[in-house]
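Those protein sequences? They're chains A and B, same order as listed. Per the working numbering, the very first residue in the first sequence carries number 3; after that it's consecutive. Per the working numbering, the very first residue in the second sequence carries number 86; after that it's consecutive.
Treat the hints with care, as some may be off.
Chain A is nowhere near these chain B residues, computed Cβ spacing over 12 Å in every case [stated by the list, open to error]:
1) Gln95
2) Ser159
3) Asp205
4) His215
5) Gly221
6) Ser318
7) Glu407
8) Asp415
9) Asp431
List of simulated lysine-lysine pairs, BS3-like, C-alpha gap at most 30 Å [what the hints assert, rightly or not]:
10) Lys194(B) to Lys36(A)
11) Lys188(B) to Lys87(A)
12) Lys188(B) to Lys244(B)
13) Lys329(A) to Lys303(A)
14) Lys182(B) to Lys390(B)
15) Lys87(A) to Lys232(B)
16) Lys180(B) to Lys194(B)
17) Lys148(B) to Lys91(A)
18) Lys8(A) to Lys36(A)
19) Lys395(A) to Lys329(A)
20) Lys91(A) to Lys194(B)
21) Lys286(A) to Lys189(A)
22) Lys36(A) to Lys148(B)
23) Lys232(B) to Lys28(A)
24) Lys87(A) to Lys433(B)
25) Lys225(B) to Lys148(B)
26) Lys182(B) to Lys225(B)
27) Lys87(A) to Lys180(B)
28) Lys291(A) to Lys311(A)
29) Lys244(B) to Lys232(B)
30) Lys182(B) to Lys139(B)
31) Lys139(B) to Lys87(A)
32) Lys244(B) to Lys269(B)
33) Lys269(B) to Lys232(B)
34) Lys390(B) to Lys433(B)
35) Lys194(B) to Lys139(B)
36) Lys311(A) to Lys329(A)
37) Lys303(A) to Lys383(A)
38) Lys232(B) to Lys194(B)
39) Lys36(A) to Lys189(A)
40) Lys87(A) to Lys194(B)
Keep in mind the hints are simulated off the structure, nothing from the lab. For every residue, glycine included, the Cβ atom is placed at its ideal position computed from N, Cα and C.
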Amino acid sequence: MKGTQKVPVTILTGFLGSGKTTLLNKILSEEHGKRIAVIENEYGEVGIDQGLVINADEEVFEMSNGCICCTVRGDLIRVLGNLMKRRDKFDYVLVETTGLADPGPVAQTFFMDDEIRSEFSLDGIVTLVDAAHIDQQLGRSDESSEQVAFADVLVLNKTDLVSDESLDTLEARLRDMNRMARVVRSKQADVSVETVLNLGAFDLDQVLERRPSFLEPEYPFEWTGVFQLEPGRYEVSLEEGPDPMMSLVVVADQGTDEESLNEGAESCVRLYAESAELLHPGDKIPLNKHVNLQLQSEGRKSFSLEVEKSGHLGLFTQHTAEEFDIKVRRMDTSVSESGSNQQNDLLIPPIAERTWVAQHEHDDEVGSIAIERLGDVDPEKLNKWLGRLLSEKGVDILGQRGLLVMQASRGE
Amino acid sequence: MPDIRELGPQGRGMLHEGWSTEVADYVIVCGWALEGNAFLVGDAAGGLYAFEGKSGTTLWHRKEVHEGGILAMSIHPDGHIFATAGQDGRVLIWKSKEGESNKALEIGKGWVEHLQWSPDGQFLAVVFSHYVYVFGADGKEHWRSDKHLSTVSAVAWSKSNELATACYGRVTFYDVIRDQVNQKLEWQGSLVSMVLSPDGDIVACGSQDNSVHFWRRSTAQDAEMTGYPGKPSQLAFDQTGMVLATGGGERITVWSFQGNGPEGTVPGELDLHIGAISSLAFSNRGSLLASGSRDGSVFVWLLQKNGHGEPLGGAFVGGRVEAIAWRPDDCALAAVNANGGINVWDFKNRIKTSPKGFS
Numbered sequence: 003m004k005g006t007q008k009v010p011v012t013i014l015t016g017f018l019g020s021g022k023t024t025l026l027n028k029i030l031s032e033e034h035g036k037r038i039a040v041i042e043n044e045y046g047e048v049g050i051d052q053g054l055v056i057n058a059d060e061e062v063f064e065m066s067n068g069c070i071c072c073t074v075r076g077d078l079i080r081v082l083g084n085l086m087k088r089r090d091k092f093d094y095v096l097v098e099t100t101g102l103a104d105p106g107p108v109a110q111t112f113f114m115d116d117e118i119r120s121e122f123s124l125d126g127i128v129t130l131v132d133a134a135h136i137d138q139q140l141g142r143s144d145e146s147s148e149q150v151a152f153a154d155v156l157v158l159n160k161t162d163l164v165s166d167e168s169l170d171t172l173e174a175r176l177r178d179m180n181r182m183a184r185v186v187r188s189k190q191a192d193v194s195v196e197t198v199l200n201l202g203a204f205d206l207d208q209v210l211e212r213r214p215s216f217l218e219p220e221y222p223f224e225w226t227g228v229f230q231l232e233p234g235r236y237e238v239s240l241e242e243g244p245d246p247m248m249s250l251v252v253v254a255d256q257g258t259d260e261e262s263l264n265e266g267a268e269s270c271v272r273l274y275a276e277s278a279e280l281l282h283p284g285d286k287i288p289l290n291k292h293v294n295l296q297l298q299s300e301g302r303k304s305f306s307l308e309v310e311k312s313g314h315l316g317l318f319t320q321h322t323a324e325e326f327d328i329k330v331r332r333m334d335t336s337v338s339e340s341g342s343n344q345q346n347d348l349l350i351p352p353i354a355e356r357t358w359v360a361q362h363e364h365d366d367e368v369g370s371i372a373i374e375r376l377g378d379v380d381p382e383k384l385n386k387w388l389g390r391l392l393s394e395k396g397v398d399i400l401g402q403r404g405l406l407v408m409q410a411s412r413g414e
Numbered sequence: 086m087p088d089i090r091e092l093g094p095q096g097r098g099m100l101h102e103g104w105s106t107e108v109a110d111y112v113i114v115c116g117w118a119l120e121g122n123a124f125l126v127g128d129a130a131g132g133l134y135a136f137e138g139k140s141g142t143t144l145w146h147r148k149e150v151h152e153g154g155i156l157a158m159s160i161h162p163d164g165h166i167f168a169t170a171g172q173d174g175r176v177l178i179w180k181s182k183e184g185e186s187n188k189a190l191e192i193g194k195g196w197v198e199h200l201q202w203s204p205d206g207q208f209l210a211v212v213f214s215h216y217v218y219v220f221g222a223d224g225k226e227h228w229r230s231d232k233h234l235s236t237v238s239a240v241a242w243s244k245s246n247e248l249a250t251a252c253y254g255r256v257t258f259y260d261v262i263r264d265q266v267n268q269k270l271e272w273q274g275s276l277v278s279m280v281l282s283p284d285g286d287i288v289a290c291g292s293q294d295n296s297v298h299f300w301r302r303s304t305a306q307d308a309e310m311t312g313y314p315g316k317p318s319q320l321a322f323d324q325t326g327m328v329l330a331t332g333g334g335e336r337i338t339v340w341s342f343q344g345n346g347p348e349g350t351v352p353g354e355l356d357l358h359i360g361a362i363s364s365l366a367f368s369n370r371g372s373l374l375a376s377g378s379r380d381g382s383v384f385v386w387l388l389q390k391n392g393h394g395e396p397l398g399g400a401f402v403g404g405r406v407e408a409i410a411w412r413p414d415d416c417a418l419a420a421v422n423a424n425g426g427i428n429v430w431d432f433k434n435r436i437k438t439s440p441k442g443f444s
């Protein structure tokens, strides 16, 4: 009922051996005046000394609609559903998941189940990272990457076993996977209770002070294709893609080896920094110039390209070729004997191509972006944007959180 | 829509003030024993109480019978004994009159969440994690299920020797005497509740994805009813098996099985609660439905065969209604709530009244 405060829940994740039980015991034995109920999925060897501890097998329930966003943790629904009936006996819940747990369903449980949603609030996800072993774990399992990506707090534990230098490298790597999380270093999970509990309060107080100084520049293009072209006229055609507009830079003499591609990318960033010229289907694409292709009409759209001397042309495109099915065709070849039905023969494949997105994430499968803008939010526009984002990219999004300032509505 | 608070705990319409009392903690389970002469209540602190059926006088009270709290209770069909289970992993069998337990079954380290006596009272089904055990009234183990796909979420007896279990993705019918599986009904989804029609042919399950799935055992036909705002944890069949009342939101959705229904039909909707439905119970005879809500309101409805219905009375008890029970003669209705409150109303169920008499 209204007025009843929801019980905050912290999820504690991390691989076996990262120090979860040690941390749990620290929290439970510290004098903080909070009564904490613990739900344990991992039957650790170290017993938990105090508090209400409930063991439950991890049960991941997928729904018949096949939607991964609807996947929930049945064990949590069951245990929390019973716990809420004795809520006067505790004011906080800690859920310790196994090292192999996917944090997605855990988090979704607090939004998808109406009963749990009305009684509990997900306060935060704390992920313990074993500084000495995480490098191998990140390479080996999706779960560890996702546990990092989902975290509100990353506790970098066992720092005494690793050099400062590699700690910095590791922290940078984790930052790349999750820019919003707070990173705390510890030796034997000796972090204060405030680091782990009541993160919501922490968030509200401090998130505004966080500056995204760690945001590195990203290339404004996702794909490069290098084409070997003889003098003549060519057609660059595109299908409908995720955007009604796509920017592009075509450069001459683009090399195909790794170093040349990187160099080309660097110089293209400068071209991308200049304002783009708007081109409509049928227009000619100039060389070494930032252009914006207008793609609003239906069906395949073509633009022309003139090559004066033979060489390697590099196309640096805002989106990947795959997304728009970008094709380059020769146009002015004297029509062959058999007529015009030889279009496929005129299709020119790239001799080299490079997708830039993956490199940005340093081959970790998960990444994060932060969007920061000042001013009021138009809830309708935001809703529309989120709706479209989720419908098109929902399966790729692990989690999202935000602080939105809404203008108070006037009147009714 | 009336303001439910104005109804008051004493009740309006056909609900007439009976008795009320309070126990120490959140009431989890309740039921009538000894032909309606005793009302039994178990709470989250593990307290167990018996009240005299007509006056509400305490007959007996036992403290902390299950460490960590009571999770389930089932009253034997003869009403003279009953079983309780809790977070301590034990099942206790009690004498209703004396409040004495002469049998304690240690099931294991973990929660025992569901209990159900078979219709002939010979067996007691006990749900423990992924397993279901069947004990005799003497406390002897008769049968044990194989390991289920997940924690078992519900059990129901279709016959005195046939037990249905529900878990993630499956309903299974076991012959507990021959130790064999009679039928498996599969469906990918998390089944959170289950009821059987009185003839045992229709199996209805509430699902985590906010739908009700049901099967007809005789024809192996199944259907899915979607569109609930919440998960339908509460399900109840009337004694004829004609109407199925379901929660899963503020409204009670009633499916009628008359004709070719409920597939392709519009269900009846009973809409007076302002919070989500938390308990449903049909009368022992006739189609009177009692409903309780998280908002603390209780209503009684007269249902037609087509699933539509009118309210006969209501009350406001102040806390989430955790369970609701008709006295065996249907002349009283009891509701227990999250604040430890117990309310019993007299229900003169043979008198005809204007359906809207209370508003």
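- Hints broken by the structure, by number, lowest first? Of the numbered hints, 4, 6, 7, 14, 21, 23, 24, 35 do not hold.
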